[in-house]
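**Student:** With our numbering applied, the sequence shown covers 1 to 119.
Be a bit skeptical, because a hint or two may be false.
[Unchecked claim] Using C-beta positions, here's what the derived DEER-type ranges look like:
1. A23 <-> V102: 17 to 25 Å
2. D46 <-> V102: 16 to 24 Å
3. Q86 <-> D44: 28 to 36 Å
4. V117 <-> K64: 16 to 24 Å
[Claimed, not checked] Result set (BS3-like, lysine-lysine): computed pairs, CA atoms no more than 27 Å apart in a straight line:
5. K88 <-> K64
6. K103 <-> K88
7. K64 <-> K103
8. K116 <-> K71
These are computed hints drawn from the structure, not numbers from a lab.
Where a beta carbon is used, it is the ideal one built from N, C-alpha and C, also for glycine.
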Amino acid sequence: MRVLTVDDSRTILAMLHHTLTNAGFEVLQAENGQVGLDMLGREDVDVVITDINMPVMDGIEFIKQVRATGKHQSLPILILTTETSQDKRDQGRAAGGTGWIVKPFDPEKLISVINKVVH
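With the hints as extra help, turn the sequences into a complete structure.
**Tutor:** Below you can see the structure in the form of structure tokens.
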């Protein structure tokens, strides 16, 4: 299974890479929404994990752009963020986010959520 992680934090990207590769996933990484969008244009993935607050293109706009292409209407997109407000959650859901996980993440819980949304 291939996972695209989109986050401007190198630390978070490293933690996600470690967690996901240890669980047997193939991991692609992007440092902002625009790079993530470009990757989705060239690569097939089974699930996306994205941050909200990023430079160039934030996570909400990234999700909207992904959903705007017919190819990715049903692609699971998990939002991994420090944001906890109901307003942000509503924005994420309205944009097309599949699930919401608050940082710092629990590795076992993350893997469980990925397996739930993909299968």
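**Student:** Tell me if the beta carbons of D46 and V102 are separated by a distance inside 16 to 24 Å.
**Tutor:** Between D46 and V102, where Cβ atoms are some 23 Å apart, the hint holds.
**Student:** Tell me if the straight-line CA distance from K88 to K64 falls inside 27 Å.
**Tutor:** 14 Å, holds
**Student:** Do the Cβ positions of V117 and K64 conform to the proposed distance bound of 16 to 24 Å?
**Tutor:** 19 Å, holds
**Student:** Holds or violated: K116 with K71, Cα cutoff 27 Å?
**Tutor:** Holds - the C-alpha atoms of K71 and K116 are around 21 Å apart, at most 27 Å.
**Student:** Hey, K64 versus K103, does the alpha-carbon distance stay inside 27 Å?
**Tutor:** 22 Å, holds
**Student:** Quick check: does the Cβ-Cβ distance between A23 and V102 fall within 17 to 25 Å?
**Tutor:** Taking Cβ atoms as reference, A23 and V102 lie about 20 Å apart, which means the hint holds.
**Student:** For the pair supplied as a hint, K103 and K88, is the alpha-carbon distance within the 27 Å limit?
**Tutor:** 14 Å, holds
**Student:** Are Q86 and D44 spaced within 28 to 36 Å by their CB atoms?
**Tutor:** 33 Å, holds
The earlier numbered hints are all upheld by this structure, with none contradicted.
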